Structure formats: structure tokens, C-alpha cells
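J.: Going line by line, the protein sequences match chains A and B.
At position 8 of the first sequence the residue is numbered 8 (this note's numbering), and the sequence of numbers has no breaks.
At position 106 of the second sequence the residue is numbered 106 (this note's numbering), and the sequence of numbers has no breaks.
Hints in this document: simulated from the structure, not taken from any laboratory.
Since the model is a prediction, treat every value here as computed from it, not as a measurement.
Heads up, some of the hints might be wrong.
Keeping only pairs whose Cα atoms sit at most 30 angstroms apart, straight-line, the calculated DSS-like set for lysine-lysine is [as the list claims (entries may be wrong)]:
| no. | chain 1 | residue 1 | chain 2 | residue 2 |
| --- | --- | --- | --- | --- |
| 1 | B | 51 | A | 67 |
| 2 | B | 51 | A | 68 |
| 3 | A | 56 | A | 67 |
| 4 | A | 36 | A | 68 |
| 5 | B | 44 | B | 27 |
| 6 | B | 44 | A | 67 |
| 7 | B | 51 | A | 56 |
| 8 | A | 68 | B | 71 |
| 9 | B | 44 | A | 93 |
| 10 | B | 44 | B | 71 |
| 11 | A | 93 | A | 68 |
| 12 | A | 36 | B | 51 |
| 13 | A | 36 | A | 67 |
| 14 | B | 51 | B | 27 |
| 15 | A | 93 | A | 67 |
| 16 | B | 51 | B | 71 |
| 17 | A | 68 | A | 56 |
| 18 | A | 70 | B | 71 |
| 19 | B | 62 | A | 56 |
| 20 | B | 44 | A | 36 |
| 21 | B | 44 | A | 68 |
| 22 | A | 36 | A | 56 |
Residues per chain, in single letters:
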Amino acid sequence: GEDVEQSLFLSVREGDSSVINCTYTDSSSTYLYWYKQEPGAGLQLLTYIFSNMDMKQDQRLTVLLNKKDKHLSLRIADTQTGDSAIYFCAERKPGGSYIPTFGRGTSLIVHP
Amino acid sequence: NAGVMQNPRHLVRRRGQEARLRCSPMKGHSHVYWYRQLPEEGLKFMVYLQKENIIDESGMPKERFSAEFPKEGPSILRIQQVVRGDSAAYFCASSPDGQDYGYTFGSGTRLTVV
């Protein structure tokens, strides 16, 4: 497909794990990113993964990359209400001016 | 060490007026990127600039929109003769070079055209 695809909404209970999924477009994309956007704010880079990796862990965050399926996921362990935000997946394709292409974002709602 | 500064945070314009959005990149960053976020949509790339140069404007509408990043001062995104469809959040991001591990975004300017 032409677009980076993400589901629009995810609702979880506080303390559970959240898994946000993304399908990107170009199997030769070099970097894949996860950004977080809180209400009324800009995007904050959470983590990124280089295409020669299949997993990256950073505290409560785990990124899994499946290059064959062009699938990226972000797992948030022990999800807190402060994790409620919109999460954007982005890919950086090779060549050109290396501009990342963003998905539409997944709204994560964490309820007590 | 201030982050990416955008102003104004909110801008209201009547149809037909001009909108000017300003972005000051992080200190030491010489690459600036503008994105637009329409309601219920993701971020769409508009333009990528370095000092005094437009590197990639493939996402800019052909008419009414222009951008600059002068040698001194902030980057400016200018929208002439605004229409209701221009209402959106406009985000600026910066990086120290064009091949970065991720951008730093500003908090955005929310443009409302009435």
C-alpha cells in the first residue's frame, strides 16, 4: 500500500500491556520510528529501530520489527494513565531527502 | 536549551487573509521540516529547508503556500488567501543534519480559518 497503516484506537486497563501495531510500505526503509503526541502538544520521539534489528527494548517499551511482513509494533508494559496519547509510526525510506512518512496515529486510551 | 519554538500557538484568520507561522529550530539545528495535521488525519510532510535553501517541497500545495528559512531568524510558513480547508495544526521539526535518528518537533500552530 501507499500509506503507513495503523489502527485508530486502542483501549487498555491500567497495569496491562499495550501493543500498538503498524504496517509500513517499503521493505527497504532504513529507520522506523515511534512518536507520542499528548493532547495539544507536538510529537515526541519515543524510540526508533534500525532496519537491521528485529527488536529493541527501552525500559517499558519494546519495539518489534518484522521486515518480511513490513510490520512494526510497540509494546508498552505496565501501561499507566499518563501513557494515554496518540502514537505515530513513521518510516524513513532510502534515497531522496529522507523525509519520514507518518501513519495516522493510534489513540491509546488507558482507563483505571 | 530551548526546544523547537513555534509561534503563535493559535492563529485565527478570516478567509482571504494571510497566515504567517514561525518556527525557530533547536540550537545547533540547521534543518527544518514543516508538517500539517488535518483533523482526524496523520502528519503530512510539506517542505524541508536548510538555511536559505529549499531542499524538498514535494508536499507543498502548488498555490498560496510558501516557506523560507533565512540566514538570520526563524523559518516562516506563509499561507496567502487562506480558505477553510487550511484549518489544521502545523508542526515544525528540526534536526542537526538531514540524516538523523529522529526529529525534534515543536508544539505546533493551530490555524483556524473562519
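J.: Given the hinted pair residue 93 of chain A and residue 67 of chain A, is their alpha-carbon gap at most 30 angstroms?
T.: Holds - the C-alpha atoms of residue 67 of chain A and residue 93 of chain A are around 13 angstroms apart, at most 30 angstroms.
J.: If you draw a straight line from the CA of residue 36 of chain A to the CA of residue 56 of chain A, is it 30 angstroms or shorter?
T.: Satisfied, since the Cα-Cα distance of roughly 17 angstroms is no more than 30 angstroms.
J.: Does residue 51 of chain B pair with residue 27 of chain B here, judged by a C-alpha cut-off of 30 angstroms?
T.: The given pair, whose Cα atoms are some 13 angstroms apart, holds under the 30 angstroms limit.
J.: Given the hinted pair residue 68 of chain A and residue 71 of chain B, is their Cα-Cα distance within 30 angstroms?
T.: violated, 44 angstroms
J.: What's the verdict on residue 36 of chain A and residue 67 of chain A, does the C-alpha distance respect the 30 angstroms limit or exceed it?
T.: Holds: residue 36 of chain A and residue 67 of chain A sit about 23 angstroms apart, inside 30 angstroms.
J.: Compare the distance between the alpha carbons of residue 44 of chain B and residue 93 of chain A with 30 angstroms, and conclude whether the hinted pair is satisfied.
T.: Since the Cα atoms of residue 44 of chain B and residue 93 of chain A sit roughly 15 angstroms apart, the hinted pair holds (cutoff 30 angstroms).
J.: Do the alpha carbons of residue 44 of chain B and residue 67 of chain A lie within 30 angstroms of each other, as the hint requires?
T.: It holds: about 24 angstroms lies between the C-alpha atoms, which stays within 30 angstroms.
J.: For the pair supplied as a hint, residue 51 of chain B and residue 56 of chain A, is the alpha-carbon distance within the 30 angstroms limit?
T.: Answer violated: residue 51 of chain B to residue 56 of chain A is near 35 angstroms, above 30 angstroms.
J.: Quick one, are residue 56 of chain A and residue 67 of chain A close enough, alpha carbons at most 30 angstroms?
T.: holds, 14 angstroms
J.: Starting from residue 51 of chain B, check that the Cα of residue 71 of chain B is at most 30 angstroms away, please.
T.: holds, 5 angstroms
J.: Going straight from one Cα to the other, do residue 44 of chain B and residue 68 of chain A come out at no more than 30 angstroms?
T.: With Cα atoms ~26 angstroms apart, residue 44 of chain B and residue 68 of chain A stay inside 30 angstroms; holds.
J.: Holds or violated: are the alpha carbons of residue 93 of chain A and residue 68 of chain A at most 30 angstroms from each other?
T.: Distance of about 16 angstroms is within 30 angstroms: holds.
Consistency with the previously given hints fails for numbers 1, 2, 7, 8, 18, 19, ordered from lowest to highest.
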